[in-house]
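Student: Listed below, chain by chain, are the residues.
Protein chains: 2
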Amino acid sequence: MEELYLRRSVRAYLDKPVEREKLIDVIKAGTCAPSAMNNNERQFTAIVNKDVKAQLCKAVWDTLDKSFRDRILGRTGGAPSFFYDAPVLIIVSTAPNSHCPAADCAVALENMFLKATELGLATCWINQLVSTCDSPAIREVLGKAGVPASHKVYGACALGYSDTPSKKITEKENKIVICD
Amino acid sequence: MEELYLRRSVRAYLDKPVEREKLIDVIKAGTCAPSAMNNNERQFTAIVNKDVKAQLCKAVWDTLDKSFRDRILGRTGGAPSFFYDAPVLIIVSTAPNSHCPAADCAVALENMFLKATELGLATCWINQLVSTCDSPAIREVLGKAGVPASHKVYGACALGYSDTPSKKITEKENKIVICD
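Sequence lines, in order, name chains V and X.
Going by the numbering used here, the first sequence opens with residue 1, and the numbers climb by one from there.
Going by the numbering used here, the second sequence opens with residue 1, and the numbers climb by one from there.
Chain V extracted, bound-state conformation (with noise of 0.2 Å):
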């Protein structure tokens, strides 16, 4: 399973649409993933739209602190793309009262981090819409794309394909302790 080691988070994507066969494949990987209780209340929604994929990059922009965007102009001289111009970006979501939908949610993310490695595409984990999916300009998007109302998000997954091979990483460095 060498997609562990090769699974790296991408910045920079082809202009390159994902072959819709392959992009269900990686939602199906991401459904499979396990759920508190076996939940599976979890709902996968791949924007391909151009529009809305846009939309939802403004509605992002809009809701920052002007300070905030006021130091991301003067370090990039513009707005940036916060799903970096990848050609799909999978929103996953689940109502906040189930058990755990934070780790539900991640460990979807992750299987599908791991099947688009395998097909030779890139991804990376999307973080803005957790906190700010509420925000009444994000949430109108959200629902053009078809996240329910009723959904909290709480991660996204870019894909594409990049240009770039990815370099095998068998450990990092977090901490190890074996009790015996």
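No incorrect hints appear here.
Any copy, or any two copies together, can satisfy a pair, since identical chains are not distinguished.
Lysine-lysine pairs mimicking DSS-like chemistry, simulated, CA-CA at most 27 Å apart:
(1) 167 / 22
(2) 22 / 168
(3) 152 / 58
(4) 172 / 144
(5) 152 / 172
It is worth saying that the hints were derived from the structure and are not from the lab.
Please arrange chain X on chain V, whose structure you already have, making use of the hints.
Tutor: The following block gives chain X in isolation, referenced to the frame of chain V:
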């Protein structure tokens, strides 16, 4: 990557130890999971010691409300093994003030579930310690095992051998929406 479809929650384990090399491989796969801002602050604490595992199980039992314990006793006739008598329990913890602690630990757990599946091992996502880790009796055992007092437990992985081969499932009934 068949493991995505073969990973199941297993709640009965053989009385057979997990080889040290496999245990380390499982944990290292966990460390390769993404984390918010790539902070990598997670700790993986593997409890192999039977006494410590039993003490932790007893501490969880003692922490439950009497009425809840009575309901369990009425159903099972005895205190349950919260970790399903698995030979290893891998606790994933991090500082609660990190950016996305629950999500960071959940993706590490999923990587471990998948790597274990590849190695012929079985797993179960254990959640009891998430809400109980700050009870003094449980904290004492966690400290003995090596979990830092400043960390909150965000999940654990029961790990061992199952005598039942798992059934492949390629999709679960989570809702999928494509916004074209």
